[in-house]
Every structure is written in structure tokens, then in C-alpha cells.
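Protein sequences appear in the order of chains X and P. Here the first sequence stands for residues 255 to 506, where the numbers follow my numbering. Here the second sequence stands for residues 350 to 537, where the numbers follow my numbering.
Everything labelled a hint here was simulated from the structure, so no lab data went into it. Honestly, I wouldn't trust all of these hints.
Across the chosen pairs, the derived CB separations fall in these ranges [to be verified]:
no., chain 1, residue 1, chain 2, residue 2, range
1, P, Q452, X, V476, 20 to 26 angstroms
2, X, G452, P, Q452, 19 to 25 angstroms
3, X, N337, P, P357, 15 to 21 angstroms
4, X, H441, P, D460, 50 to 56 angstroms
5, P, N420, X, G284, 57 to 63 angstroms
Predicted model only: the values in this text are computed from it and were never measured. For glycine and all other residues, C-beta sits at the position ideal for the given N, C-alpha and C.
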Amino acid sequence: MNPDMTEPVSSPLVSSTFTLDGDEIPYAPGQTVIQAALAAGKYIPHLCYHPEFKPHGSCKLCTVKVNGRPASSCTTAAQDGLNVESETPDIKDKRRTLVQMLLVEGNHFCPSCEKSGNCMLQGLAYDLGVMSPHFPQIFPTRPVDASHPDTLLDFNRCILCELCVRASSEVDHKGVFALSGRGITKHLIVNSESGRLGDTDFAATDKAAEVCPVGVILKKRVGFAVPIGERKYDPVPISVQTVSHTHKKETV
Amino acid sequence: MAAAITTPKLKVATTSLAGCFGCHMSFLDIDERILQLVELVEFDRSPLTDIKHCGANGLCDLGIIEGGVCNAENVHVLREFRKNCKILVAMGACAVNGGLPAQRNHIDLRDILEEVYHTSPGLAQGSQIPNDPELPLPLNKVHPIHEVVKIDYFLPGCPPSGDAIWKFLTDLIAGRTPTLSHELMHYD
Numbered sequence: 255m256n257p258d259m260t261e262p263v264s265s266p267l268v269s270s271t272f273t274l275d276g277d278e279i280p281y282a283p284g285q286t287v288i289q290a291a292l293a294a295g296k297y298i299p300h301l302c303y304h305p306e307f308k309p310h311g312s313c314k315l316c317t318v319k320v321n322g323r324p325a326s327s328c329t330t331a332a333q334d335g336l337n338v339e340s341e342t343p344d345i346k347d348k349r350r351t352l353v354q355m356l357l358v359e360g361n362h363f364c365p366s367c368e369k370s371g372n373c374m375l376q377g378l379a380y381d382l383g384v385m386s387p388h389f390p391q392i393f394p395t396r397p398v399d400a401s402h403p404d405t406l407l408d409f410n411r412c413i414l415c416e417l418c419v420r421a422s423s424e425v426d427h428k429g430v431f432a433l434s435g436r437g438i439t440k441h442l443i444v445n446s447e448s449g450r451l452g453d454t455d456f457a458a459t460d461k462a463a464e465v466c467p468v469g470v471i472l473k474k475r476v477g478f479a480v481p482i483g484e485r486k487y488d489p490v491p492i493s494v495q496t497v498s499h500t501h502k503k504e505t506v
Numbered sequence: 350m351a352a353a354i355t356t357p358k359l360k361v362a363t364t365s366l367a368g369c370f371g372c373h374m375s376f377l378d379i380d381e382r383i384l385q386l387v388e389l390v391e392f393d394r395s396p397l398t399d400i401k402h403c404g405a406n407g408l409c410d411l412g413i414i415e416g417g418v419c420n421a422e423n424v425h426v427l428r429e430f431r432k433n434c435k436i437l438v439a440m441g442a443c444a445v446n447g448g449l450p451a452q453r454n455h456i457d458l459r460d461i462l463e464e465v466y467h468t469s470p471g472l473a474q475g476s477q478i479p480n481d482p483e484l485p486l487p488l489n490k491v492h493p494i495h496e497v498v499k500i501d502y503f504l505p506g507c508p509p510s511g512d513a514i515w516k517f518l519t520d521l522i523a524g525r526t527p528t529l530s531h532e533l534m535h536y537d
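Throw the hints in and build the complete structure from the sequences for me.
Right, dumping it as C-alpha cells:
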């Protein structure tokens with residue numbers, strides 16, 4: 255990304271800003287709404303969006319209202335004069351509901367999860383004030399895959415963001431992961447004859463090993479090296495951390 | 350003393366269903382603030398009082414439930430609390446979403462009992478699945494309590510910290526909707 259994007263570029267006639275919750279947000283040509291917002295230090299919640307990958311637009315957490323109509327901010331190109339609303343009570347309610355639905359759809363037992371405290375889904379749930387599951391738990395049956403020597407797969411926590419699928423095919427050029435099935439039966443699979451990770455060429459050093467926003471893809475033998483309560487999102491909310499991190503990267 | 354007499358104390362009942370009592374232990378982490386608390390509330394049925402049933406002396410103002418529902422007795426106790434408490438709170442991960450006990454939900458109940466009492470190593474000779482009318486029957490699955498009765502408020506955490514419980518209770522007692530700041534909001 256262009257580090258000077260906050261400076262006025264090329265034609266002074268082009269204003270190159272849109273408004274986000276009343277604030278003027280500058281953007282560079284080709285940026286999406288969420289990219290420009292994060293670069294400007296404004297957080298928009300997201301799970302399947304990752305700055306290093308093409309937008310996916312599936313988790314819907316980054317939904318905003320663009321000129322009054324709902325749109326995913328990760329797939330909407332920034333344009334002059336857009337009126338974007340994000341932190342409205344209505345949108346926050348819908349985001350909270352989305353997180354609650356994700357939580358009851360899988361088996362998210364935070365107290366026994368190695369990702370607890372580093373988990374984006376959990377961090378967002380804290381930020382959005384999710385105090386209850388609200389919906390009945392589905393308690394799906396999703397056996398874990400411990401066949402790989404260095405990596406554990408716990409499908410119970412998968413939210414189908416496809417970041418591992420994208421990382422494995424686009425960066426690692428291995429295509430280890432894929433999604434299979436439709437609707438509520440949709441699930442993450444491993445591309446090997448046996449369906450087990452141990453029978454693929456997956457390596458713990460793969461990009462796919464580090465992109466999971468929740469606790470599906472876990473490194474073996476390092477569990478609970480950092481105690482609960484001292485992890486990434488424990489001291490500072492995910493919203494504050496993400497923008498300060500992005501902002502730092504942009505300004506360096 | 351006169352002021353204390355003019356303000357009737359709120360009646361609070363607590364219980365632990367399919368939980369580990371960790372939430373009750375964490376509740377005791379409010380430490381000396383319990384002296385402030387007993388100025389405002391009196392305890393009805395609770396492991397702290399050993400009163401066996403709630404509501405004997407009229408409705409309780411607040412019922413606090415730790416743990417999910419894993420057996421028939423849990424269902425009866427939970428219904429007794431709902432019937433006799435004006436406000437019911439799910440305290441801790443197990444009450445909120447089933448918690449760790451619910452991790453047995455993907456295993457057939459008979460298979461679990463077989464393994465625990467028949468096939469696992471180190472069992473006594475002639476060990477068999479307990480079948481005593483005194484023992485409550487386990488349910489096929491562990492459920493969060495809001496799937497059985499209406500729950501008014503949820504306090505997540507495994508356990509919620511003493512500070513979180515204190516904030517939650519003082520909010521409720523003051524008539525506010527309980528809220529937790531980032532430091533107090535935890536699922537683990």
C-alpha cells in the first residue's frame with residue numbers, strides 16, 4: 255500500500271475522501287472502504303478480511319451502510335463523497351447477532367481453547383458486548399484432526415472465513431484446505447485422500463498455519479505458553495489494537 | 350441501625366448445577382466487600398446458608414445460577430429457582446453456554462458411561478454403571494440454562510472474576526442494567 259496515501263495525491267481537483275460516521279476519510283485509488291478506514295485509524299469490525307488477501311465478503315461483520323444501503327466494507331471500493339455509517343446502534347446490533355450466531359453454530363468453549371485471548375471472534379464478542387449466546391446451541395459433532403506432527407486442527411471452532419483456504423492456495427501454492435457442503439452443513443475439509451492433515455504436504459511454517467482468526471489451526475507443543483489473561487486482546491480491545499497497529503504500519 | 354431497618358434487604362438465592370463451584374469460589378473473591386453486600390442483601394437458598402429450598406419465606410429478588418443442566422435434578426432445581434426468583438442470572442460459562450461439561454455432547458451418553466464404569470483401565474472388580482434411585486438421571490446432552498427457563502441476565506467468565514461479579518451485582522442492586530468494562534469482560 256502507498257504509505258503516502260494520506261497526503262493529497264495527483265489532481266488537487268479530486269477530493270478523494272468519503273465520510274465515515276461523519277469523519278472525512280482520505281483514500282487512495284483502488285482502496286476499499288475498510289482499507290481506507292483502518293489506514294485512517296477508524297476500526298470497522300471484521301473476521302474474514304485480512305490486509306494481505308483479496309477481500310472475501312463472507313463474514314458480514316464489516317457490513318456498513320453506504321449511502322443508506324447495507325454493503326460489506328471490505329468489498330466496496332472507496333469513492334468520492336460516499337456517506338458510510340458504521341457505528342450506529344442498528345448496525346452494532348446486527349453485528350452482535352452475527353457473532354452470537356457464529357458462536358452457537360460451532361463449539362466455542364473459550365475456557366479450554368488455546369486461542370482464547372488471541373481470538374478475533376472472542377475479541378469482537380467482547381467489543382460488541384456479547385453477554386449471552388441468545389440462540390440455542392447447535393453443538394455440532396466435529397472431530398479434531400491431530401494426525402499432523404506439528405499442527406492440530408480443531409474444526410469445532412471454524413467460522414468458514416476461508417483465510418486458510420486462501421493462504422494455502424494463493425501463498426503456499428499447496429491447496430491444503432477447502433470448504434465443502436452447502437448451508438448449515440458447510441464445513442472445512444483437508445485435501446488429501448484420507449482427509450487428514452498428516453497426509454498432506456502442509457508444514458507448520460506455511461502461511462496457512464498463521465492466518466486462522468479463531469482456534470482451528472494450532473501449533474502443537476506450545477499450548478498455554480502465554481497464560482490466560484496476558485494474551486493479545488486481554489489488556490486492550492481488538493478495535494483499539496487493530497487501528498493502532500495498522501496506523502503504525504502506515505506511518506512507518 | 351434505624352436506617353438499616355427501614356430498607357428491606359433484597360433476598361438472594363444461589364446454586365451450582367453442572368458447574369465446578371468455581372463461580373461460587375470466585376464470588377467469595379469479592380473479599381471484604383461481602384460486608385457491604387450483606388448490608389444490602391440476605392441469602393435465601395444457597396450453598397452459603399445450606400437452606401435447601403428457595404422461596405420458603407416469599408419470592409426471592411435475585412437468583413444466581415452457576416453451571417449448566419446435565420441431569421434431571423438440575424432441571425428441577427432450575428425450575429424451582431425460576432418459580433421463586435424475580436430475576437434470574439446465569440453466572441459463568443457453564444450456565445451461559447453449557448461450558449466444559451457440554452464438551453461431552455458429541456459423545457453418546459451410553460458410550461460415556463460404558464467407558465467410565467466398564468472399559469477404562471484401573472476399575473475395581475465388578476464395577477458397573479450406577480443405578481440407584483437416589484442418583485439423578487443424566488440427560489443425553491448438557492444444556493445452557495436459558496434453553497430450559499427464561500434467564501434475565503448473563504454474566505460470562507470461567508469464572509467471572511470477583512470484581513466482575515461485584516460490578517454485576519452492584520449494578521443490579523442499584524437498578525441498573527449490568528455492564529462490564531473490557532477488563533471485566535472475559536469468557537475464559
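*If you check the beta carbons of X/N337 and P/P357, does the distance land in 15 to 21 angstroms?*
With Cβ atoms ~54 angstroms apart, the hint is violated.
*asked:* Taking 20 to 26 angstroms as the stated bounds, is the beta-carbon spacing between P/Q452 and X/V476 within them?
replied: holds, 22 angstroms
*Just tell me: holds or violated, for the beta carbon distance of P/N420 and X/G284 against 57 to 63 angstroms?*
For X/G284 against P/N420, whose Cβ atoms are near 59 angstroms apart, the range 57 to 63 angstroms holds.
*At the C-beta level, are X/H441 and P/D460 separated by a distance inside 50 to 56 angstroms?*
violated, 23 angstroms
*Does 19 to 25 angstroms hold as the CB distance between X/G452 and P/Q452, or does it fail?*
Holds, since X/G452 and P/Q452 (Cβ atoms, about 24 angstroms apart) stay within the stated range.
Taken one by one, the earlier hints fail for this structure at numbers 3 and 4, listed in ascending order.
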